[in-house]
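Asker: Here are the chains, one letter per residue:
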Amino acid sequence: MSQSLVDISDLTIGYYTQKGTLVHVLRNVSLKIEAGETLGLVGESGCGKSTLGQAMMGYLRSGSQLLGGSVRFSDLDMFGLTPRQLEEIRGKQIALIPQNAGEALTPTLRIGNQIVEAIELHTDIPKGKAKERMLALLGQVRLPQPEVLAERYPHELSGGQQQRVVVAMALAAEPEMLVLDEPTTGLDVTTQAHVLDLLRDIVAEMGTAMMYISHDMGVIARVSDRVGLMYAGEIVEDAPATEMFRSPAHPYARGLLESIPRLSMSGVAKSMPGHPPIPGTLPGCSFAPRCPFATDICNTEPPILNPIPDRQHLVSCHHWEEVLVTNFDEKLNESFQTVEHTIGDEPAIELSDVEISYYRPGVIDRLRNIPHPPTTVSDVTLTVRRGETLALVGESGSGKTTIVRTIAGLLPAKGGHIKFGDFDLRVGVDDRPTQISKQIQLIFQNPDASLNPRHTVAEIIDQPLKLYFPKMNRDERRERQVELLNRVRLSDKYRLRYPAQLSGGEKQRVAIARAFAADPRVVLCDEVTSALDVSVQAAVLDLLADLQKERNTTYIFITHDLAVVRAFADRVAVLYQGRLCELGTVDEIYQPPYHPYTETLMGAVLEPDPDMEPVLLASDTPELAPPSQGCPFQRRCPRIIGDICVEEAPPWQSPPGEMDHKIRCHLPMDELLNVQEATSSK
Amino acid sequence: MIVLVGRRVVLAILTLFLISLIVFLGVEALPGDAATAYLGQSATPESLDALRQEFGLYAPIQERYLTWLGGILQGDLGTSMVRRNPVTEVIGNQLRNTVVLAAAAALVGIPLAIVLGVVAGLTRDKWPDIFVSTSSIVGMTLPGFVTATILIFIFAIRLEWFPAITMVPTDASVAELLPNIVLPIITLTFIMVAHILRLVRTNMIDVMTSDYVQMARLKGVPSRRIVFKHALPNAMLPTINVVALTLAWLIGGIAVIETVFNYPGIGKLMVNSINDRDFPTVMAIAIVLAIVYITFNLIADLLTLVLNPRLRSARGH
Amino acid sequence: MTTTTPTEGQLTTVKRRSFVAETWDSLRHSVAGMIGLILIISHLLLAITSPYILPQDPLEMNAQSRNEAPSAEHIFGTDELGRDVFSRSMLGGRVTLVVTIVAIGLAVLWGGLVGILLGFIGGRADEIIMRIVDAILSIPWLLLLLLVIAILGTNMLVQTLTFAFTYGILTIRVARAATHDYVTGEFVLAARARGESRRTIVTRELLPNVRDVLFVDGAMNWSWMLLAFTSLSFLGFGVQPPDPDWGRMIAESRDVLAIQPWAVFGPVIMLSTLIIGINLFADAFAKALGLDRSQGAPV
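Residue numbers (our numbering), protein chains in the order written: chain A, 1 to 682; chain B, 1 to 317; chain C, 1 to 299.
These aren't lab readings, by the way, just hints derived from the structure by calculation. Do not take every clue at face value.
[Said to hold, decoys possible] Which stretches of chain A does chain B cover? Using the computed rule of at least three CB atoms under 8 angstroms from a CB of chain B, they are:
(1) 56-62
(2) 94-108
(3) 115-125
[Claimed, not checked] Here are the simulated lysine-lysine pairs, DSS-like style, with alpha carbons at most 25 angstroms apart:
(4) C:287 <-> A:19
(5) A:92 <-> A:129
(6) B:229 <-> A:129
(7) B:229 <-> A:127
(8) A:493 <-> A:466
(9) A:92 <-> A:32
(10) B:229 <-> B:126
(11) A:438 <-> A:549
(12) A:438 <-> A:419
(13) B:126 <-> A:92
(14) B:229 <-> A:19
(15) B:126 <-> C:287
(16) A:419 <-> A:471
(17) A:131 <-> A:92
(18) A:270 <-> A:549
(19) A:331 <-> A:270
(20) A:438 <-> A:466
(21) A:549 <-> A:419
(22) B:229 <-> A:131
(23) A:438 <-> A:414
(24) A:466 <-> A:414
Computed from a predicted structure; not experimentally measured. For every residue, glycine included, the Cβ atom is placed at its ideal position computed from N, Cα and C.
Please model the entire structure based on the sequences and the hints provided.
Answerer: Structure representation (structure tokens):
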């Protein structure tokens with residue numbers, strides 16, 4: 001084999017804490033990347049993948065130290081170069097595309113100037129031509145109107161546009177290698193699919209090598225030729241993408257892949273117990289405590305990353321042979337478990353013609369007589385039955401959080417009714433009797449923000465108990481706290497901990513315990529698993545399903561992840577710009593006919609399967625406000641008919657034989673049934 | 001943009017009206033009135049009556065406020081009880097002297113503070129930073145009169161380089177003034193630099209650890225260019241308002257330093273007027289200083305608005 | 001990935017730690033903070049015990065020994081009335097300490113409360129009161145203090161209340177800004193969605209979080225207040241004779257700076273050690289609480 005473009009060997013990086021103890025971030029990492037190859041680097045948060053990405057560019061976070069090993073790029077020792085030499089290479093031969101483009105662009109410099117800077121630093125293009133090249137680059141990353149955009153400041157662009165600008169900047173000197181650190185995390189699914197498409201095309205065209213870092217197996221499957229899997233600061237498996245996804249040889253890879261919800265599978269995926277250790281704290285294999293294959297040797301002898309004979313496949317496991325003999329496809333099918341629960345006939349919550357607006361005209365606006373913008377949420381009518389899980393689905397700005405917060409009483413509804421038994425929930429929480437508030441509990445996306453950092457877990461769970469059960473005395477409440485903690489699978493030792501001392505999954509469990517402390521009838525879940533790692537997500541979903549079965553709880557479940565919806569929901573409502581597009585049971589929604597927007601969303605989903613290709617239908621142009629009349633999706637709809645879509649609100653239609661399945665579109669039903677092949681081919 | 005600027009200007013004017021009201025009502029709260037305060041408890045009823053007549057203190061409160069406010073709007077700040085001449089005349093020279101002092105200090109101090117702050121921020125926890133930061137703590141924490149006294153001891157008494165106190169008439173020309181004010185300027189500069197540089201240092205550290213500076217490094221931008229093009233403009237933005245606040249604060253604190261050096265500025269006049277219980281002058285000084293303060297803040301606000309693209313184009317949201 | 005989020009395997013010795021214990025733990029590791037704390041405590045001890053342990057009567061005048069240089073009998077020499085500078089320096093902070101400590105306590109209390117309420121309630125009331133606060137703050141601080149003293153006199157109780165009022169207004173701004181950071185936070189939203197009363201939200205959700213900011217701000221304002229109070233004394237508006245006071249001692253002895261510099265240096269050293277002590281402590285305290293105190297308004 002000839003010289004690799006990147007050759008990382010035995011790289012070990014760590015830092016010293018304030019108390020002087022050494023903490024490893026990376027341990028003995030060895031990795032090669034060939035010219036033109038795309039390596040996907042995948043792992044859960046905290047596994048050291050970003051550190052590895054930065055180390056590839058000869059960069060260490062302040063405080064971190066190189067403890068051993070080397071990074072060679074184009075046969076140059078990246079940690080042996082002078083700062084001047086590094087400046088030469090960075091951006092010219094190896095360029096970074098960072099995670100949060102919005103923060104990685106200098107806020108006081110115009111977009112164009114930041115790209116021109118990269119061009120002037122790293123290419124021979126004469127000064128006068130740099131601007132031309134910059135505009136060409138903006139065009140190459142498919143940004144509309146490059147001349148206009150070049151004059152803008154970073155904060156004036158949408159997330160997707162910022163990400164493209166960063167891509168353009170990285171491409172300025174046509175580097176041999178790109179390091180991409182979660183470049184699409186935080187973007188909407190359609191935007192993500194578009195950006196990935198762009199990257200693939202560019203790489204194919206220019207022959208650039210990539211190291212693509214992501215926690216998302218779907219994204220990794222989409223872009224990678226080869227995949228490196230990281231766990232606790234080590235590479236545990238390194239294999240061609242197809243092999244990694246079809247027949248993984250490391251138990252961790254299997255566990256991870258099994259825990260991912262899939263569009264084609266209903267039921268909650270199997271979760272992996274436990275958490276990764278701090279790198280280098282276990283004498284044997286870091287994964288041993290969580291591993292179903294583990295034996296004595298795993299606890300004493302660290303495994304070494306060794307090739308599987310006759311294959312381009314490296315694995316760091318004592319038992320890889322045993323792992324490989326079990327058929328992964330079968331295992332995968334077994335790992336999805338539907339938690340049966342009964343759905344009642346009586347409605348839990350009925351929304352009719354709900355309208356919600358954030359707009360509060362100021363004095364000046366009123367004087368200037370500015371017309372009111374269209375309401376944020378409009379014309380939402382739907383019913384959730386007892387014990388049912390209704391998923392609200394849509395991209396950012398679809399109004400799903402707004403609706404849920406209105407039900408929770410944090411925002412008043414401007415029009416319509418929200419019936420909860422005999423009570424109308426259109427009023428704010430201050431005007432609701434405690435017995436009503438008690439029945440409806442809300443769980444937030446980010447447990448870091450939703451738990452008061454100054455309260456212990458016991459105090460956090462105690463608050464709803466005190467509020468809703470004033471008759472309980474201290475001992476009874478304490479008993480109940482322990483009971484609730486056990487119910488969310490946390491030991492009572494957690495009572496005296498502060499949120500900062502918990503992991504992400506544990507925090508979310510505490511938040512769930514707090515919600516269930518009220519013994520509610522309806523629980524509103526706002527992206528409750530989005531901030532969690534996949535293996536943790538599966539456990540949380542499983543817990544929620546269990547609780548529902550046990551207490552006949554009704555869930556209104558918000559998520560942008562269609563695979564999670566498939567796993568967890570009974571019925572689905574698809575929203576665009578605060579308006580309903582489609583409503584039906586999970587099975588109805590996930591099969592044609594689709595609303596064109598649902599079809600777009602489905603097409604953009606990336607599955608952890610390298611053979612799946614997304615179908616890009618609508619553009620990913622962001623919209624700030626819904627159109628004032630006609631169909632809300634008119635401006636992006638790939639199947640728009642004509643003026644009727646712009647002028648008239650579309651009618652609700654039901655496919656034959658599916659009375660509860662409703663699609664709001666002007667297209668006739670038989671045309672809606674006729675969808676592009678690829679989407680439904682699985 | 002125009003709406004934003006307009007808003008700030010309207011708010012500034014509103015604040016000024018509020019200040020005039022607070023100052024006026026504050027003096028009204030005096031036990032007795034301005035006349036008794038000035039003449040003291042032992043004054044005869046006749047002299048009190050004469051003074052009240054002269055200063056129109058018999059008019060109802062709202063009328064006196066409106067007259068006073070109307071006067072201010074026309075540039076008439078009232079009449080000094082001590083000197084019996086218009087306050088405008090009394091203040092004029094003193095204000096100029098203070099402006100000369102403050103401007104000289106600002107001219108030296110602000111650039112120095114920025115340079116030192118940036119150096120300290122870039123060499124975080126290394127010796128230039130430790131030296132600069134430690135001296136800034138001393139400069140910031142010592143009261144102005146202590147700093148001044150120490151400087152006088154060293155430079156005026158031991159070294160005899162500069163006069164210990166100013167000995168020029170109030171209406172001396174700027175040229176006559178200058179040699180006298182070296183020590184006051186040094187004192188003021190020292191205090192001002194300490195405050196501003198600490199802030200510049202923190203901002204610089206924040207910015208240097210930001211994602212965009214890291215990105216610039218990984219883009220291969222040379223260090224010097226990172227500092228000047230990517231970091232400095234962003235570190236300076238929040239500094240503008242603090243510079244304005246510090247300048248305004250100096251005007252308040254300048255009274256102490258002017259007293260130490262016997263410098264004929266508005267701060268010293270303020271202390272003297274309060275000692276003399278000359279309330280018309282005190283009220284006038286309060287208004288003048290508030291106008292200066294608000295103007296500085298307004299300028300800083302507008303400057304930030306112009307320099308910060310995020311504020312400038314508050315589109316949509 | 002340098003996060004140190006604990007993981008599930010590490011359930012070892014986590015005990016409930018009180019606020020004080022936790023802060024103390026991180027404060028202990030700061031050399032500067034400990035020096036600051038020792039300086040402050042020494043000053044407090046001195047202020048309490050000095051009347052009983054001083055070698056000389058600070059008020060006793062002696063026409064025969066005016067402006068004497070330091071000697072075994074008078075460690076810092078004597079002032080122009082022949083009083084012992086050392087004794088006077090030791091005692092010169094008593095009134096200052098009492099006034100500023102009481103005033104800062106009151107200021108944090110009332111300013112903090114009003115600020116949190118304004119931040120929580122928002123709307124019109126908030127806007128109007130903040131306008132007034134801004135207006136008061138745009139009157140130069142010295143003028144504001146002098147004005148009140150001119151009107152109400154140099155009585156120490158009046159001065160304490162004046163300082164409490166003025167610095168409380170500064171605290172309003174800080175408390176309000178800190179509350180704003182939390183009031184839209186999800187844990188407050190969660191409490192609102194539960195239907196908790198406003199009182200519970202303010203006392204249970206907001207206060208524990210804003211508290212740290214208020215403590216740090218209070219420590220910092222204390223040092224500003226000391227500056228302001230001694231400045232007033234220096235100008236002759238503070239502590240009245242014959243009680244010794246640092247600010248006034250410096251003012252009175254300035255004329256003899258050339259002959260008996262120790263009459264000035266004595267109080268200067270005492271005052272400086274206290275203020276620097278407070279600042280070192282405030283810096284370390286802020287760090288211990290995870291806040292950065294570099295952006296204080298210099299008032």
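Asker: Hint by hint, note whether the structure agrees.
Answerer: Outcome of the hint check:
1. 56-62: holds (count 3)
2. 94-108: Result for this restraint: holds, n = 10.
3. 115-125: Holds, because 4 residues of the region 115-125 of chain A bring their Cβ atoms closer than 8 angstroms to Cβ atoms of chain B.
4. C:287 <-> A:19: With Cα atoms ~16 angstroms apart, residue 287 (chain C) and residue 19 (chain A) stay inside 25 angstroms; holds.
5. A:92 <-> A:129: This hinted pair holds, its Cα atoms lying about 18 angstroms apart.
6. B:229 <-> A:129: Within the cut-off at roughly 21 angstroms; holds.
7. B:229 <-> A:127: Holds, at roughly 18 angstroms.
8. A:493 <-> A:466: Status holds; Cα separation ~21 angstroms.
9. A:92 <-> A:32: Satisfied, since the Cα-Cα distance of roughly 20 angstroms is no more than 25 angstroms.
10. B:229 <-> B:126: 24 angstroms, holds
11. A:438 <-> A:549: Between residue 438 (chain A) and residue 549 (chain A) the Cα gap is close to 20 angstroms, so the pair holds against 25 angstroms.
12. A:438 <-> A:419: The given pair, whose Cα atoms are some 16 angstroms apart, holds under the 25 angstroms limit.
13. B:126 <-> A:92: Not satisfied, since the Cα-Cα distance of roughly 32 angstroms exceeds 25 angstroms.
14. B:229 <-> A:19: 37 angstroms, violated
15. B:126 <-> C:287: 19 angstroms, holds
16. A:419 <-> A:471: 29 angstroms, violated
17. A:131 <-> A:92: 18 angstroms, holds
18. A:270 <-> A:549: OK: residue 270 (chain A) and residue 549 (chain A) at ~17 angstroms, within 25 angstroms.
19. A:331 <-> A:270: 10 angstroms, holds
20. A:438 <-> A:466: OK: residue 438 (chain A) and residue 466 (chain A) at ~12 angstroms, within 25 angstroms.
21. A:549 <-> A:419: 24 angstroms, holds
22. B:229 <-> A:131: Distance ~18 angstroms between residue 229 (chain B) and residue 131 (chain A) Cα, so the pair holds.
23. A:438 <-> A:414: Holds, at about 23 angstroms.
24. A:466 <-> A:414: It is violated: about 32 angstroms lies between the C-alpha atoms, which goes past 25 angstroms.
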